[in-house]
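Listed here are the chains, written in short residue letters.
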Amino acid sequence: MNERMKREAIRYLGYGKNTADDRTLMLIDEAFADIGKTAGPKSICRIFDMEQDADGTIRIGNMKIESRSLSRNLKGCTKVVLFGATLGVGVDRIITRASLTDMSRAVVLQACAAAYLEEFCDQKQLELGEELEKENLYLRPRFSPGYGDFDISYQKPLMQMLDCAKNIGLTMTDSCMMTPTKSVTALIGASPMKVRCPVAGCEACGKTDCEYRR
Amino acid sequence: MIRERLGKELLFFDGGMGTLLQEKGLAPGELPEMWNLTHPDEIREIHRHYIEAGSDIVLTNTFGANALKFHDETCSLEEVVKAAVDHVKDAIRSAKADRPVYTALDIGPTGKLLKPMGDLDFETAYEAFREVMIWGEKAGADLIHLETMSDTYELKAAVLAAKENTSLPVFATTIYDERGKLLTGADVPSVIAMLEGLRVDALGINCGLGPGQMIPVLEEYLKYSSLPVIVKPNAGLPKQKDGQTYYDVSPEEFAELMHEIARMGASVIGGCCGTTPEHIRAMARRCDDIQVSPPVEKDYTVVSSYGQSVFLGTGSKIIGERINPTGKKRFKQALKEHDLDYILREGIAQQDAGAHILDVNVGLPDIDETAMMREAVQELQSVVNLPLQIDTVDAEAMEAALRIYNGKAMINSVSGKQESMDKVFPLIQKYGGVVVGLTLDEDGIPDTADGRIRIAERIIEEAGKYGIRKKDIVIDALAMTISSEPEGAKVTLETLRRLRDEVGVNSVLGVSNISFGLPARPVVNAAFYTMAMMNGLSAGIINPMSEDMMKAWYAYHALMNLDANCENYIAKYAAAGTGAGGVNAPAAGKASERMTLKDAIVKGLKEDAAAVTKELAVDQEPLDIINRELIPALNQVGDGFEKGTVFLPQLLMSADAAKAAFGVLKDLMDKSGEVQEKKGTVVLATVKGDIHDIGKNIVKVLLENYSFDVIDLGKDVPPEKIVQTVKEKNVRLAGLSALMTTTVVSMEETIRLLRREAPECRIMVGGAVLNQEYADMIGADFYGKDAMQSVHYAQEVL
Chain Y
38 MNERMKREAI
48 RYLGYGKNTA
58 DDRTLMLIDE
68 AFADIGKTAG
78 PKSICRIFDM
88 EQDADGTIRI
98 GNMKIESRSL
108 SRNLKGCTKV
118 VLFGATLGVG
128 VDRIITRASL
138 TDMSRAVVLQ
148 ACAAAYLEEF
158 CDQKQLELGE
168 ELEKENLYLR
178 PRFSPGYGDF
188 DISYQKPLMQ
198 MLDCAKNIGL
208 TMTDSCMMTP
218 TKSVTALIGA
228 SPMKVRCPVA
238 GCEACGKTDC
248 EYRR
Chain Z
85 MIRERLGKEL
95 LFFDGGMGTL
105 LQEKGLAPGE
115 LPEMWNLTHP
125 DEIREIHRHY
135 IEAGSDIVLT
145 NTFGANALKF
155 HDETCSLEEV
165 VKAAVDHVKD
175 AIRSAKADRP
185 VYTALDIGPT
195 GKLLKPMGDL
205 DFETAYEAFR
215 EVMIWGEKAG
225 ADLIHLETMS
235 DTYELKAAVL
245 AAKENTSLPV
255 FATTIYDERG
265 KLLTGADVPS
275 VIAMLEGLRV
285 DALGINCGLG
295 PGQMIPVLEE
305 YLKYSSLPVI
315 VKPNAGLPKQ
325 KDGQTYYDVS
335 PEEFAELMHE
345 IARMGASVIG
355 GCCGTTPEHI
365 RAMARRCDDI
375 QVSPPVEKDY
385 TVVSSYGQSV
395 FLGTGSKIIG
405 ERINPTGKKR
415 FKQALKEHDL
425 DYILREGIAQ
435 QDAGAHILDV
445 NVGLPDIDET
455 AMMREAVQEL
465 QSVVNLPLQI
475 DTVDAEAMEA
485 ALRIYNGKAM
495 INSVSGKQES
505 MDKVFPLIQK
515 YGGVVVGLTL
525 DEDGIPDTAD
535 GRIRIAERII
545 EEAGKYGIRK
555 KDIVIDALAM
565 TISSEPEGAK
575 VTLETLRRLR
585 DEVGVNSVLG
595 VSNISFGLPA
605 RPVVNAAFYT
615 MAMMNGLSAG
625 IINPMSEDMM
635 KAWYAYHALM
645 NLDANCENYI
655 AKYAAAGTGA
665 GGVNAPAAGK
675 ASERMTLKDA
685 IVKGLKEDAA
695 AVTKELAVDQ
705 EPLDIINREL
715 IPALNQVGDG
725 FEKGTVFLPQ
735 LLMSADAAKA
745 AFGVLKDLMD
755 KSGEVQEKKG
765 TVVLATVKGD
775 IHDIGKNIVK
785 VLLENYSFDV
795 IDLGKDVPPE
805 KIVQTVKEKN
815 VRLAGLSALM
825 TTTVVSMEET
835 IRLLRREAPE
845 CRIMVGGAVL
855 NQEYADMIGA
865 DFYGKDAMQS
875 VHYAQEVL
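For the record, the sequence lines run as chains Y and Z.
Residue numbers 38 to 251, in our numbering, belong to the letters of the first sequence in order.
Residue numbers 85 to 882, in our numbering, belong to the letters of the second sequence in order.
By construction, these hints were calculated from the structure, which means they are not laboratory data.
Since we're looking at a predicted model, the values are computed, not measured.
Every residue, glycine too, gets a C-beta built ideally from N, C-alpha and C.
Among the hints, a few may not be true.
Think about it this way: if two alpha-carbon atoms lie no more than 25 Å apart in a straight line, the pair counts; the simulated DSS-like pairs of lysine-lysine are [stated by the list, open to error]:
1. Y:Lys54 with Z:Lys869
2. Y:Lys79 with Z:Lys323
3. Z:Lys153 with Z:Lys222
4. Z:Lys325 with Y:Lys79
So the derived list for chain Z, only partly shown, Cβ under 10 Å to chain Y, looks like this [unchecked claim]:
5. Gly113
6. Lys196
7. Lys265
8. Leu732
9. Pro733
10. Leu736
11. Lys772
12. His776
13. Val785
14. Val829
15. Ser830
Looking at chain Y on its own, in the form it has when it is part of the complex (with noise of 0.2 Å):
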């Protein structure tokens, strides 16, 4: 577990810029254990060719994308990653397991699986771009469905795309729930011109007065 890992889950927890007590860092601690022990992490990517209609409309194979603020993101870019990443089903059961034991530690786990997930989606990412520098392209911070405008019910097409459910057992509820829970989906954008991206990750979204704001 690393002092970021750490850092992020201490925020998904609400405590914003205050310290966590012994106690709660303790039950991180632990619980970062178990997700360790617990998590079967996996991922999926491919590399598809992307075209952006001057209106802004974002064509990836058969699928069309309207979004203003996905097109911001990938604007100049000419590839973009589709990517699935999951804890698997493990990490469900022993959040489900707390919950009706002992309330904190599921609290804590969920945050702690968040962090987690979010670390190693930042691990694969890195690693991807790295190969693509090879290429002469540049990735994007990651950006997924229903995040912004862009519609959660791309979820699907996209996770078709990958075979997420065959290839990392990630699935989704007839209502865009991912399961495993503790799941991500995202595009990935990558241009030819080495450009600092302007925004990233928590500080694009537009919701400003969220309380869990980095």
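Starting from the known structure of chain Y, fit chain Z onto it as the hints suggest.
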């Protein structure tokens, strides 16, 4: 017929389909099954190439052809399946092969996760498989091939659908990762145990790995399987270039590895992703010198859950007996009130205490045992990964549980009575399982070991008529209390010994019966438990929460060299000190001298809160303790949370500590008949379509802390059920939770229905996407930003 050839000669499957279709222009995300109608020539050509290359079994292009995955307005699924079978048949004709070629209806997973971890009902999955299988058989398929399955639960639904609706042979292969586990965590023996129990014709491995990586998994298959083993690897691990996935094991390399795989003992071989007719041709040529030796019947007694297998026969396994209402007032109450959480906690506690298998008995005269059994089994599977022992005399409940059980269950029980065997054995024959055979019959319980052995033998013989093997029977030698049967223990012990030495069958025993009617029962129980293990007891049905029993268990395994280097014993007891009696070292000092109850709660110290409360209750009234210490402590923490000086984990730790204190006081009040007034009842639910319930659970814990009765309907709750509960119990406040915009829709629908059917009920809502504006829009009475706000609102309106 293929059944006659299975396991006697080497049979060749075909290779990849998807990768070839992509080469021919199938777009990412496009449904390959549509090509049966849109590109029939291409499909037939691929089949023909495989037949010419040497395939004996050809898979139809129907991997994703199920109603859950396949949606297309332009054609029906039935047409697709029929066309797919016809294409293989046409290809067989046009290839003019001089050998029989079989058409296998290919069935892949639905792409959805089953309940309780996902949202797909077991029976819905079953239906989706069923219709395709019926069409496939009608169109002329020779067998059903289930493949790339990563969840044993879904696989079970598929096997049952095939067995119950067609007469075709069933092959089943699963997909493993590099650790040799399914994506859902299951190990190889548990998959084999379940599939053999369901009586498939052949089983094995496909996809996920290349032939080289499959070899360790295959070794496990060959070790545990009594059935012919199928191996269908990818042409290596997937690689990417220019956005395309490719596989780079060449036909020659593939053939060489497949030769090794066949030599090891796999008898049905082929390829999966990335393999081509060239791979199959090279493989068939290379393997022409292989002599197949038929699979050997293995003698392991295995029960399994979705995630692990438990072997009986080495050491003694612990079957937790606590999920059983017999003689337990609190458990009976939980059953009557449909308090599943209580049952689940009993399961978790027993697993934590060291149980290997959990007995599940939910029979009570005035409840619907079948429904309760089904629910208990399903929910237990979401929190414990131990195999379950279905314990009921009701055949209907037994079948319901066996059907939805994810794995190979243990069943308690059948007896030597003809009627019992006639009832239970057909269920074991169909669903598989390890069944407990009680050594009693129409004449009662024999009082000699001879008599009990005779019944055991009769049970084994009768089971044989159903094809149930001795390894799947565990005999209960029956313990009779020594207070009325002076020779009881000796007879039981002799029976156990002879079951092991003469009959060669595993044994089980409800150990604690032995001391019924005696004082200090744990003393006798623990001693008898050790003696029983010494005489061969394969599994004791005991209370794993009993320290005495667990000490006996750990000590026995250490003494008999069943615990390498005494590792488990040391891990368990080292902290308690090494000296005699160290295990029981008492905690030092009085808790109430170290801290006040208020401190314990504010700091969130659960054990201390309970201990202090016990001490305070010696000379104080429970209600005084609640009003003077508990409530002020809760208020202090709640205020801190709202001011931003106390945070969620601390709030919940305090809530837990308060709950522990309340628990102590409630027990005392129950004894004295005193009643603490409840503040009112709240129904809580996570709305339909939503499976995230952590927020709702937080609210529940806090409301209970503040003396509200909470009816927790769980997650994914249909509006009708919420309304029905509110009306039936005349509830005045409902709390609804939703995580996402997609599920706020069902929240809105629930509110609409509640307004119409139960206008007097107030509605509070909460969840990640909600805010005041959104809550107003969908017509809620109150939006709770956090859990404390729901408490305040409940206090205001109830």
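So, going through the hints one by one against the coordinates:
The hinted pair formed by lysine 54 of chain Y and lysine 869 of chain Z meets the criterion: a straight-line CA distance of about 20 Å does not exceed 25 Å. In summary, the hint linking lysine 79 of chain Y to lysine 323 of chain Z is supported, as the alpha carbons are separated by about 15 Å, within the 25 Å threshold. This hinted pair checks out: lysine 153 of chain Z and lysine 222 of chain Z have alpha carbons roughly 22 Å apart, not beyond 25 Å. Between lysine 325 of chain Z and lysine 79 of chain Y, the direct Cα distance comes to roughly 20 Å. Compliance with the 25 Å bound is thereby established for this hinted pair.
A distance limit of 10 Å between C-beta atoms decides the matter here; for glycine 113 of chain Z the minimum to chain Y is near 4 Å, and the interface restraint holds. Because the smallest distance between the Cβ of lysine 196 of chain Z and any Cβ of chain Y comes to about 5 Å, under 10 Å, the interface hint for this residue holds. Taken as an interface hint, lysine 265 of chain Z checks out: its beta carbon lies about 8 Å from the nearest beta carbon of chain Y, inside 10 Å. Interface restraint check: leucine 732 of chain Z against chain Y, minimum CB-CB distance 5 Å, threshold 10 Å, status holds.
At a threshold of 10 Å, the smallest CB-CB gap from proline 733 of chain Z to chain Y is about 4 Å, leaving the interface hint in force. Because the closest C-beta pair between leucine 736 of chain Z and chain Y is about 4 Å apart, less than 10 Å, the hint holds. For lysine 772 of chain Z, the suggested interface contact is upheld, since its CB lies about 8 Å from the closest CB of chain Y, less than 10 Å. Because the smallest distance between the Cβ of histidine 776 of chain Z and any Cβ of chain Y comes to about 6 Å, under 10 Å, the interface hint for this residue holds.
A cut of 10 Å between beta carbons decides the hint on valine 785 of chain Z: the least distance to chain Y is about 5 Å, and the hint holds. Hint status for valine 829 of chain Z relative to chain Y: holds, with the closest Cβ pair at about 8 Å, below 10 Å. Evaluation of the serine 830 of chain Z hint against chain Y yields a held restraint, the C-beta minimum of about 8 Å falling below 10 Å.
Checked against the numbered hints above, the structure breaks none of them.
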